[in-house]
Amino acid sequence: MKLKHVNFIVLLIILISGIWTFWGAQNDKVMQMYIGVATAIAYVLWGIIYHSLEGDLHPKVVIEYCLVGAIAVVLLLTILWT
Amino acid sequence: MEHFLRHFFVPHHSNNHRAKVLHIDSLLCYVLIFAIFNFGIRIAHRQFPNVLGYATDIRVDQLLKETNAQRQAAGLAPLTYNVTLSQAAAAKAQDMFANKYWAHNSPQGKTPWMFIQAAGYKYTVAGENLAKNFATSQGVIDAWMASPTHKDNIMKPSYRDIGFAIVNGVLAGEETTLVVQMFGAGEAIVEAPPVKTVVPEQAATSVIGVQSEEKPVAVEAPQELVPVAGANPTPIINVITNAFSSVLITPKLNIPTLTRDIAFLFMGLLIGILVIDGIVVSRKKIVRVAGHNLAHILFFTALFIALSIVRRGTLL
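Protein sequence lines correspond, in order, to chains A and B. First residue of the first sequence: 492, per the numbering used here; consecutive thereafter. First residue of the second sequence: 309, per the numbering used here; consecutive thereafter.
If you are wondering where the hints come from, they were derived from the structure by calculation, not from laboratory data. Remember, predicted model here, so these are calculated numbers, not experimental data. Do not rely on the hints blindly, as some may be mistaken.
Claimed, not checked - Calculated Cβ distances over 12 Å to all of chain A for the following chain B residues: (1) His311; (2) Val318; (3) His331; (4) Phe405; (5) Asn413; (6) Phe574; (7) Ser590; (8) Ala603.
As the list claims (entries may be wrong) - Straight-line Cα separation of at most 30 Å, DSS-like style, residue types lysine-lysine; simulated pairs: (9) A:Lys551 with A:Lys495; (10) B:Lys459 with A:Lys520; (11) A:Lys520 with B:Lys430; (12) A:Lys495 with B:Lys592; (13) A:Lys551 with B:Lys592; (14) A:Lys493 with B:Lys408; (15) A:Lys495 with B:Lys328; (16) B:Lys328 with A:Lys551; (17) A:Lys493 with A:Lys551; (18) B:Lys593 with A:Lys493; (19) A:Lys520 with B:Lys592; (20) A:Lys520 with B:Lys464; (21) B:Lys593 with B:Lys560; (22) B:Lys328 with B:Lys592; (23) B:Lys408 with B:Lys560; (24) A:Lys495 with B:Lys593.
What the hints assert, rightly or not - Covered stretches of chain B (chain A as the covering partner; in silico rule of three or more C-beta atoms under 8 Å from a C-beta of chain A): (25) 344–358; (26) 384–393; (27) 612–618.
Idealized CB from N, CA, C, for every residue including glycine.
For reference, chain A alone in the conformation it holds in the complex (with noise of 0.2 Å):
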């Protein structure tokens, strides 16, 4: 198994504990916000490893992956508590 799977099945990982424990925290709002938080936070430190293990690791990238995962968190908190 090539090491670009292994990466993307720990994401997978990542994404679906954080789905299954969102869900488990349905009553408690906030929680879920800091489930969502953390997924965002291993979801960032998934891409700079990530990246980092390809060889590809650039400011720009790391940049990137942090906006993708701020813009997690103001979606989350736009439905949590609007």
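Based on these hints, arrange chain B on the given structure of chain A.
Coordinates of chain B only, in the frame set by chain A:
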């Protein structure tokens, strides 16, 4: 027009082979726009609550009818609407707004049982379910039935009476609709001697208490109405005369619907653009410095699924 669309949505030399809407500056714009949108919605809601608000339709008669429908479906006797328990529920809701808390026990140590006793209801067994910020009566009941501890309260065979309060106010700076559901039974129906139980505040999302008194006294509720499943709810409305029997809010624009529509449309568009961008880059074998499109697509899809799970309202 074609050039414009290609520049913004398709990888091309004019946009350095990355759809312009996926550039870092564009992503930063989305973060700022949604942050401003969130603040703007709150400010607009405070200024114009009749235009931009939270559509709510929760009524005691519907809650009572649905609660008893759930009990009767499980072969249990329906609960009797009790005005004294409703007064206790109203006092509890008002106390939560006055002392700014959302819990079964108040910061001053007041338990639900204190409100029930203060209202004049002498119980051998009692319970409380709380809900806040739901849109409909059915939504409240569905959420309670989906929560094992709240469902246990609704389905408890030893309860005979039920009271409700639905109150709108401001909690933690936010407009909040609280629903307090209180259950009880007089001492006459309990055969075993009452045992005092201590329910820790954090132990359960719904609580059950048993009153301990040396000389049990059967208590008649001041006003009672036995609901009949499928019957016209009008008589119940006539009995529930207090100010806490319903909250009806019908703004021109419903904030939860508006925000959900915008957020899900945005996520759908972003996933679509990432798919197009990924396909074009893969076909043209373009090498560029950028994040992995498939990873972003999976991430936003996961976010889409997670946010689809979110329902209005919380329980305690």
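Evaluated hints:
1. His311: holds, 25 Å
2. Val318: holds, 18 Å
3. His331: violated, 9 Å
4. Phe405: holds, 19 Å
5. Asn413: Holds, because the least Cβ-Cβ distance between Asn413 of chain B and chain A comes to about 18 Å, which exceeds 12 Å.
6. Phe574: violated, 7 Å
7. Ser590: Non-interface label on Ser590 of chain B holds, nearest chain A Cβ at 14 Å vs cutoff 12 Å.
8. Ala603: violated, 6 Å
9. A:Lys551 with A:Lys495: Roughly 21 Å separates the two Cα atoms, so the pair holds.
10. B:Lys459 with A:Lys520: holds, 20 Å
11. A:Lys520 with B:Lys430: Violated. Lys520 of chain A to Lys430 of chain B sits at ~35 Å, over the 30 Å cutoff.
12. A:Lys495 with B:Lys592: holds, 21 Å
13. A:Lys551 with B:Lys592: holds, 22 Å
14. A:Lys493 with B:Lys408: Violated, because 56 Å separates the two Cα atoms, which is more than 30 Å.
15. A:Lys495 with B:Lys328: Given that 30 Å is the threshold and the Cα spacing comes to 27 Å, the pair holds.
16. B:Lys328 with A:Lys551: Satisfied, since the Cα-Cα distance of roughly 15 Å is no more than 30 Å.
17. A:Lys493 with A:Lys551: holds, 26 Å
18. B:Lys593 with A:Lys493: holds, 20 Å
19. A:Lys520 with B:Lys592: The hint is violated at about 44 Å.
20. A:Lys520 with B:Lys464: Given pair Lys520 of chain A, Lys464 of chain B holds - Cα atoms ~27 Å apart, limit 30 Å.
21. B:Lys593 with B:Lys560: Violated, at roughly 50 Å.
22. B:Lys328 with B:Lys592: holds, 18 Å
23. B:Lys408 with B:Lys560: Holds. Lys408 of chain B to Lys560 of chain B sits at ~29 Å (cutoff 30 Å).
24. A:Lys495 with B:Lys593: holds, 18 Å
25. 344–358: It holds, with 4 qualifying residues against the three required.
26. 384–393: violated (count 0)
27. 612–618: holds (count 5)
Checked against the numbered hints listed earlier, the structure breaks hints 3, 6, 8, 11, 14, 19, 21, 26; every other hint is satisfied.
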